[in-house]
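Asks: So the sequence lines, in the order shown, correspond to chains A and B.
Note that our numbering numbers the first sequence so that position 440 is 440, with each residue one more than the last.
Take any residue in the second sequence, note its place counting from 1, add 1000, and you have its number in our numbering.
Capping the alpha-carbon separation at 25 Å, the derived lysine to aspartate or glutamate pairs in DMTMM-like fashion look like this:
no., chain 1, residue 1, chain 2, residue 2
1, B, K1300, B, E1256
2, A, K7, A, E116
3, A, K561, B, D1010
4, A, K220, B, E1189
5, A, K561, B, D1445
6, A, K507, A, D521
7, B, K1324, B, D1380
8, B, K1304, A, E558
9, A, K559, B, D1010
10, A, K122, A, D39
11, A, K507, B, E1330
12, A, K507, A, D520
13, B, K1215, B, D1380
14, A, K7, A, D398
15, B, K1324, A, E510
16, A, K559, B, E1305
17, A, K250, B, E1189
18, A, K469, A, D520
19, A, K220, B, E1187
For the record, the hints were derived by calculation from the structure and aren't laboratory data.
Read off the chains here:
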Amino acid sequence: MSRTDGKYDVAVIGAGHAGVEAALAPARLGFRVLLLTLDRLAVGRMSCNPAIGGLAKGHLVREIDALGGEMARAIDAVGIHFKLLNRSRGPAVQGPRAQADRDGYSAYMLGVVENEPNIDLKDGEAADLIVTGGEIRGLVTATGEKYSADSVILTAGTFLSAVMFTGDRKVAGGRRNEPAAERLGERMRTLGFRTARLKTGTPPRVRRSTVDWSRAWEQKPDRPPLPFSFGTESIDRPQVSCWITRTNDKTHDIIRRNLDRSPLFRGEIGGAGPRYCPSIEDKIHRFAHQPSHHVFLEIEGGDSDLVYPNGLSTSLPEDVQEEFLRSIPGLEECEMVIPGYAVEYDFFPSDQIRRSLETTLVEGLYLAGQMNGTSGYEEAAAQGIMAGINAANRCRGDRPLVLSRAEAYIGVLVDDLVTRVPREPYRMFTSRAEHRLILRHDTADVRLAPVGAALGLASEAAARRAAEKDRDARREIAYLSSRTAPFHEANELTERLEAGPVRPGTKVVEILRRPAVSYDDILPLRDGEPLPAPPLRREVEVRVKYAGYVERQIRLVEKLKKMENRSIPTHFAYEEVGGLSNEAEEKLTAFRPETLGVASRIEGVTPADVSLLVVYLDRWERTEELS
Amino acid sequence: MSTILYREGDTVVAPATAPGVGALAVVRISGPDAISIADRIFSGATPSRAPLRTMHHGTILSVDGEPIDEVLLTVFRTPHSYTGEDSVEISCHGAPYLVRRIVDRVVAEGARLAGPGEFTRRAFRNGRIDLAQAEAVADVIQARSAGAARSALRQLHGGLSKRLQSMRHQLIDVLADVEADLDFAAEEEVPSYDREAVKATLGEVLTIIRDLIEKGERGRIVRDGVRVVIAGRPNAGKSTLFNALLEEDRAIVSEEPGTTRDVLEGEIELGGILFTLHDTAGEREEATGAIETEGIQRAKAKQKEADIVLRVADRSVALTGDEKRLARGEHDLPRHLLVFTKGDLPAGPDAAAFDDAPRASRPLTVCVPSGEGLDELRADLLRLAVGEKEAGAGKQGVAGDADVTSRRHLQALRTVERAVVSGAATVREGELLAEDLRAALNGLDEITGEGAREELLDEIFSRFCIGK
Ligand SMILES: Cc1cc2nc3c(=O)[nH]c(=O)nc-3n(C[C@H](O)[C@H](O)[C@H](O)COP(=O)(O)OP(=O)(O)OC[C@H]3O[C@@H](n4cnc5c(N)ncnc54)[C@H](O)[C@@H]3O)c2cc1C
Ligand SMILES: Nc1nc2c(ncn2[C@@H]2O[C@H](COP(=O)(O)OP(=O)(O)OP(=O)(O)O)[C@@H](O)[C@H]2O)c(=O)[nH]1
Ligand SMILES: [Mg+2]
Chain A
1 MSRTDGKYDV
11 AVIGAGHAGV
21 EAALAPARLG
31 FRVLLLTLDR
41 LAVGRMSCNP
51 AIGGLAKGHL
61 VREIDALGGE
71 MARAIDAVGI
81 HFKLLNRSRG
91 PAVQGPRAQA
101 DRDGYSAYML
111 GVVENEPNID
121 LKDGEAADLI
131 VTGGEIRGLV
141 TATGEKYSAD
151 SVILTAGTFL
161 SAVMFTGDRK
171 VAGGRRNEPA
181 AERLGERMRT
191 LGFRTARLKT
201 GTPPRVRRST
211 VDWSRAWEQK
221 PDRPPLPFSF
231 GTESIDRPQV
241 SCWITRTNDK
251 THDIIRRNLD
261 RSPLFRGEIG
271 GAGPRYCPSI
281 EDKIHRFAHQ
291 PSHHVFLEIE
301 GGDSDLVYPN
311 GLSTSLPEDV
321 QEEFLRSIPG
331 LEECEMVIPG
341 YAVEYDFFPS
351 DQIRRSLETT
361 LVEGLYLAGQ
371 MNGTSGYEEA
381 AAQGIMAGIN
391 AANRCRGDRP
401 LVLSRAEAYI
411 GVLVDDLVTR
421 VPREPYRMFT
431 SRAEHRLILR
441 HDTADVRLAP
451 VGAALGLASE
461 AAARRAAEKD
471 RDARREIAYL
481 SSRTAPFHEA
491 NELTERLEAG
501 PVRPGTKVVE
511 ILRRPAVSYD
521 DILPLRDGEP
531 LPAPPLRREV
541 EVRVKYAGYV
551 ERQIRLVEKL
561 KKMENRSIPT
571 HFAYEEVGGL
581 SNEAEEKLTA
591 FRPETLGVAS
601 RIEGVTPADV
611 SLLVVYLDRW
621 ERTEELS
Chain B
1001 MSTILYREGD
1011 TVVAPATAPG
1021 VGALAVVRIS
1031 GPDAISIADR
1041 IFSGATPSRA
1051 PLRTMHHGTI
1061 LSVDGEPIDE
1071 VLLTVFRTPH
1081 SYTGEDSVEI
1091 SCHGAPYLVR
1101 RIVDRVVAEG
1111 ARLAGPGEFT
1121 RRAFRNGRID
1131 LAQAEAVADV
1141 IQARSAGAAR
1151 SALRQLHGGL
1161 SKRLQSMRHQ
1171 LIDVLADVEA
1181 DLDFAAEEEV
1191 PSYDREAVKA
1201 TLGEVLTIIR
1211 DLIEKGERGR
1221 IVRDGVRVVI
1231 AGRPNAGKST
1241 LFNALLEEDR
1251 AIVSEEPGTT
1261 RDVLEGEIEL
1271 GGILFTLHDT
1281 AGEREEATGA
1291 IETEGIQRAK
1301 AKQKEADIVL
1311 RVADRSVALT
1321 GDEKRLARGE
1331 HDLPRHLLVF
1341 TKGDLPAGPD
1351 AAAFDDAPRA
1361 SRPLTVCVPS
1371 GEGLDELRAD
1381 LLRLAVGEKE
1391 AGAGKQGVAG
1401 DADVTSRRHL
1411 QALRTVERAV
1421 VSGAATVREG
1431 ELLAEDLRAA
1441 LNGLDEITGE
1451 GAREELLDEI
1461 FSRFCIGK
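Just chain B, same shape as in the assembly (with noise of 0.2 Å):
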């Protein structure tokens, strides 16, 4: 429901082929600033000054100028194009994580990911397709859409479908009990709700949705790739260790605090997974200019998309207090990895502190020089981007059918896990309890496409004899 409203006005990018493993895919880009956004990506020819409809032979750079992929790029003026405004259209190769890449670099010159159904929409709006053309796109939206409660089910896999709706029942009989105590005892002969009970069926739960996070998330990163963002202070020694991991030098690197500003991108491989390398800029309150201010934001952006948060501290100076607790482990960030540079120097007084702490608790420390823990650092990257046991075993399996890959419902079954946890620890507080067991149902309903609005009071009225 929430993801319906779109903007007018936008420029929105998206794969218009269905995502998969054909030989090429097609990314479709449209809107105002469709043309401009080609031309700032695309070296081959100029598309802003392309003649109508014709295609280019050329290649899409990432924003540090590298080639992500040769491709066949066509342009398209308002109103001769499939969704009515100026759109482009760029043929590549069919790698998913090419095309994610690709899509990635326009979002980053300021396009929107389209919704479902949009550029449809679009083609709609503009008078491009009449209405019955308009009554069959609805069709396919309505059976692809999300929300379209039995199709959306039956897309999924058998085997998965039947556990995210036995997980959807266990909970829904739970939120009926506490709803019922919540609603009715005070004035009803219904029991409370069995805490016991509720907790050990939420753990129940809880396994599962971990084991689904689990091997979705190994499948996403097998597909996909991890995506690595090298954050720190400037002059932590970020571009030098990037530099390094890439094995060229990438990266300009010099003693003068801010020296990088905008995001790098480089690809390794390791274990047979790829890894997208980011470095960014330093971050630090006394920025000097506009430049670098933007350089921090852009750093911080990259961030929230992370798979992993590499964040490298100069072992040599003082740690902030951030460092200190990420040095410690205490914090609750997913996949955040703290490394010490500069190991030639001798440590500070606070990086001083773990040396004496044992292997597992004290930070990994680096020497670009000499190349020490460079080793370490990419075994700790793989294990945790897949965990310990595959690390091990080395080149890794495409995900199963029964699991959950996309990147949308793996972000659902977080928010269920997440509120799983939460309600397993307020089971005493029945209004507390109530309000992240529905934030767990919203979660999988989003997967499921179902809604529990009447079947609650159906669930209460059904079990228990309410009414004086």
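Just chain A, with the same shape it has in the complex (with noise of 0.2 Å):
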């Protein structure tokens, strides 16, 4: 490179969820990094939803906090609406969720990436990639600047190619008031990327004072709030009720006779949206019979003059959108600030990464966030740091951090996107992870703690409290196992909680087992030993309810480790594997998984094909070891 304005270890494009992350890890394991963004105001900018978690996302930040992340530390410091979801059902499938200080939000990243002197935050456009030889050299900007770094982490959101749509109005840009990125995405495909087309949406924004609350059923948050980050001691904002109200016949009366008039019937959208989080114009169409769906009024921050009505996503003109807003319980009187609008943007199919998130076509260059097709900050977040700390361990040598399906929500996305692209933007569901009895939200510390402080990304202190968190419950069931139930006491128990009988010389821990039993119930059992303290006999109760389940989990990812972890050479001929299925070939050839686990995964990839997969592994590996 002839000129140089800037020499980094790793540079980030884009300042959103994925991005910040992306740019922390690097920066705080000691590597000078780029942090460049369209618009410095925007850095960590919540583009719809003011809220993080939820179930399987709100297990998603977790993981990140454990692994040394940034994403739980902002929420705790700015949530002002904490929610334990699905608490009437098990630990495992519980999720915590927050509502945001949307500006607040993003005034806290701003401030961690200001403060981080590794970091150089930059306004301005990615214009152009260096490349030589197959491997990333730096970038251009629009206005002409080169940067020279060794990894670029590309996290460019919605942003490229991206047209925004409400009504027959269609503007160029990836966010309200934002422009696009075009020349970015060019630059791509001239170097051999594919893109496609997906699509998602938004609600319109109502002024705070507009609304008449007293027409909608409060919902209060968790008293006390429940913390995302394992190192928040306690959560300090006032907190806030979010509020309740429904559509109803005249909502979509108002609706129906105006699909016409929407760009997702009128077929001006190509690209895919969620089916998780459809607009309310689809779900009217879809779900005809249901007479009424529910909206959410979430206030965007304490100080904020805007509501979010949650579940009232649209692309409908504007006149429609406020025609209906007022058809609305609580909503007649309301004023309208923003209207809704869909956004259609590029994504590069995934079969186009690794499972370190770096491209298989460019050494160096790592994609993360929505762009590789999922949507969600939490998501977002999660490749970023990923993408993050690979760029890191590329840096120093180190081999790229994979989390596997068994440890992680994390893994489970990651390997999600490495074995088939998304149809639609790819939100995180707790049925996705088949181990989701092992990964819960709040062992994310005790499963990642440790792999977070031996890159020297989270701290020891928190790996060790997690350490002692596992020891102290282990001991306590290892104390109720060898402990005989007092047989009276124990037989009074089980009888008052109808929970069977007791034969003597029961073990207190199979007492425990049983459905109706709680921890508190046993305490009559135990004898002398100090009583540990709630949140440990909550975790106790848990591990022995799960134990059964727990254990054929851990015995079936065990039996298939090693298969799991044989690894596929890179160019690896699938073309001579003679058998295989034209779309196993294809996929194969695409994905080139890089693992025999990984290629089993693969969509269209039977276990015939795998069998064959492994012959001819065999074989390749006989005839490499010869020449």
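With the hints in hand, could you dock these two chains into one complex?
Replies: What follows is the structure, encoded as structure tokens:
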């Protein structure tokens, strides 16, 4: 490179949720990082819902925290309504969620980034990538500055060739009042990358002072709030409620009458939208029999004058949006401040990345976030931190960090991406995790803090706390397993709880295992041993109840480990494997799975294909050895 | 998916002809130990000294030197064999249980059962067949592999496949309800699943599964026979009973505990069904020496493969806790039968406690010198193997077309059964119920070769309006 305006170890393009984590990880590990973004005031901006977490997403946030990321601390600092979802269901499927002060969240993230000495935050548009010999060397901005970097992480979100739709109005841009990034996508295509289209949408915002709250049903936040970060002691911000109202016949009539004015129904948007997050027009069309849908009225911040009507994502024309809003109880007199819209954008089908999130085409170039076909802040941040860690590992000459499906939701997310291209924006669900019971949100620290500490990203103290928590739980379970329940007390107890009779000699742990029995019930069956603290009691109870299932899962994981980890050479010639189905050959060639385990999960690859692969792998390795 | 991983360097064995009722069958052994194993099991010639590709007439012997079958044996040396490795091919009579016994005998000598397509895979790896041939064979593997969904399904009989399919759909429906509840009910307007309906569905599925298992099991038993393993403490009278049931003096009997060291085999016929009896070393903690320890290991291994474990307890001495529990019927082990021996000696205090119990809850007592109880024992064995009704009906019919008879499929069905039973007991805990339903579906998928990863989300999204 002839002239350069700066030299960095890692350059990150875009400072959204992926970009922030992608920049912080290598910076905290001591590398020089350039964070280039269109507008510094939009660092960590929430494009849509002012909330972090939710089922499965909350798991991701706590895993990011355990690894040493920022998202959990940010939401703990600016959260105004915390709620543990699914409280009435089992611990593995509970998920923390919190509404955020939208502006406060961005301001917090901007502060963290600006205070990180190893990050240079710059405003600007990345327009070109410098690639020589198949390896990334740096980037060039739209205004011509050149920066050299050993690794580049691309996290451009919904901005590549983005178009926003409201009724028949169509504007280029990745987010309201923000431009699209046109040139970078073009450059990626000339490098050989394929792009495809996806879409998503957001509801209109209404003025807080014009809502009649008396007509909505109040939902109080949890008291005390449960923090996301394992390091947060308490949540100090004043908490607010959230309100629920409903659509009705009138709302549905208005929408039905105007369906032909929706760009979705006129076929103007080609990209697929998320089925789990449909626009209101979609819901009314597809579930015509449902007379009403609920709407959550979420305040966008303590001092904010905006309300986010969760459930009303739409791209209908402005006048229709205004009309249907006012048909809803509580919103009769509301002022619509910002109309809702849909956005269609380019993403890179995820058969172009490896598990490290490095692209298969250009060494040192990583993709993370919405651009890989996912949706959601948490999914983006999870990829961001992984890309950041792996860019740093590349600088250090270390192997990439790959989390397995049995280790973390992050592992499930990445593995899903490298085995199937999302057909709709990909969101995490607990049902995507086959090892759901071992991936509880409250064990994220036990699972990942040691990984974070080994990297140098999470603190040793955090890892130690996690290890102590695990050790104490094991110790207590060992005690309960060795302690014989006093016969009479035990029978009295189980009779009262209708938990079946107890034989003499039964251990306390066996009684706790019964569904109707909670830890506090067995307190009288203990002897003088010191009582564990309440959080530990709960942990012990959960472990005991899940034990049989968890052991089965762990056995299965162990059994499959060898095949799971058998690696496939990067340049393995799938076309030489006779007998593969066309679909399997095509998919394997596109995805280039790194291991047999990954290969076996690729869509369209059957167990028979895997058998053949094993045969040819053997032969390939033999001939490689010979030559 | 799980069965595909092969180890290199093993010696493997499998029938090389399609299982069925052909007059002759071929068992193939391949790998470094193939020929030395042949030396140990074959009488007629010494295979390791036999010239290349010559055929020898002789007998395959059981562990205790009894003839299993008269066979023709051919030796191939690397690289001049189908697989390119040292190999032995044994042409034996086609009866499935003979083939199985020969294969078992080879396994007992240290070989491993070959996986599907493994001989071809070895052939290919050793350069014995070229790409074109490998492709042709690959097609066969593809068609045969249980995983290759549709083709595997087509192989199943229409009626059976329909039943499996309909169970699968029932389970997916339930799972979709449960998962929707877990993933969306907190945020969306998704109804909670109906516990009673779930219970009812699981009940229906269980009835079908149990019916399939029972019929399949009977079919398999008629075809392959029943493995009975005689187990118990030293000196309990196992070998004595073994000899009595065989009606010949096969095993050494002595008053010295720890007499039997290795596993002995013998066959009898009851109600038209073949029973293979295995006499094993007595189990005790304080085994004397390596040989006895090994014998006890083998005895335990045998019990794992048994269709019926016949546990023998000497009634004249004190019983162990395990024996007492078994005698009282307090166990959930399938197909365990406890008998008291030495009916002519006075009962010890533990056994005497059962004297007044009604026949149904009292272990059977046998006395070999007088022959007392032996007929009853035979009847009990038959009943355990084929069920009450069939035992009375005499000779068995062969398995019907719509039955699952492969050992692997039956195993999968048992997994399904366990999962469904466990699920029905945990309908209140959605996340555990989901776990059981998944295990049940995986079991069914092992038979039908399907997979349900995306299907489930599709099902949820099509049924419920999800999204705020
Ligand atoms: C209208 C809308 C509706 C949405 N609705 C939902 C929803 O309902 N549910 C949901 O889960 N998620 C929704 N999302 C998605 C959610 O906002 C994203 O998943 C998340 O923000 C992705 O994070 P990211 O870091 O990948 O990208 P973003 O948050 O989009 O950040 C990308 C950043 O990159 C910068 N950038 C882009 N190109 C360049 C360039 N060439 N040079 C320099 N900087 C660049 C941008 O300025 C921006 O700061 C919606 C998004 C939008 C826009
Ligand atoms: N009186 C009497 N003695 C018996 C009877 N059955 C076995 N015995 C004796 O009990 C002793 C042990 O018998 P085995 O059959 O060798 O016992 P085992 O269980 O095979 O013993 P190990 O091979 O050492 O484990 C021998 O002395 C037998 O003669 C019986 O019904 N009545
Ligand atoms: Mg004996």
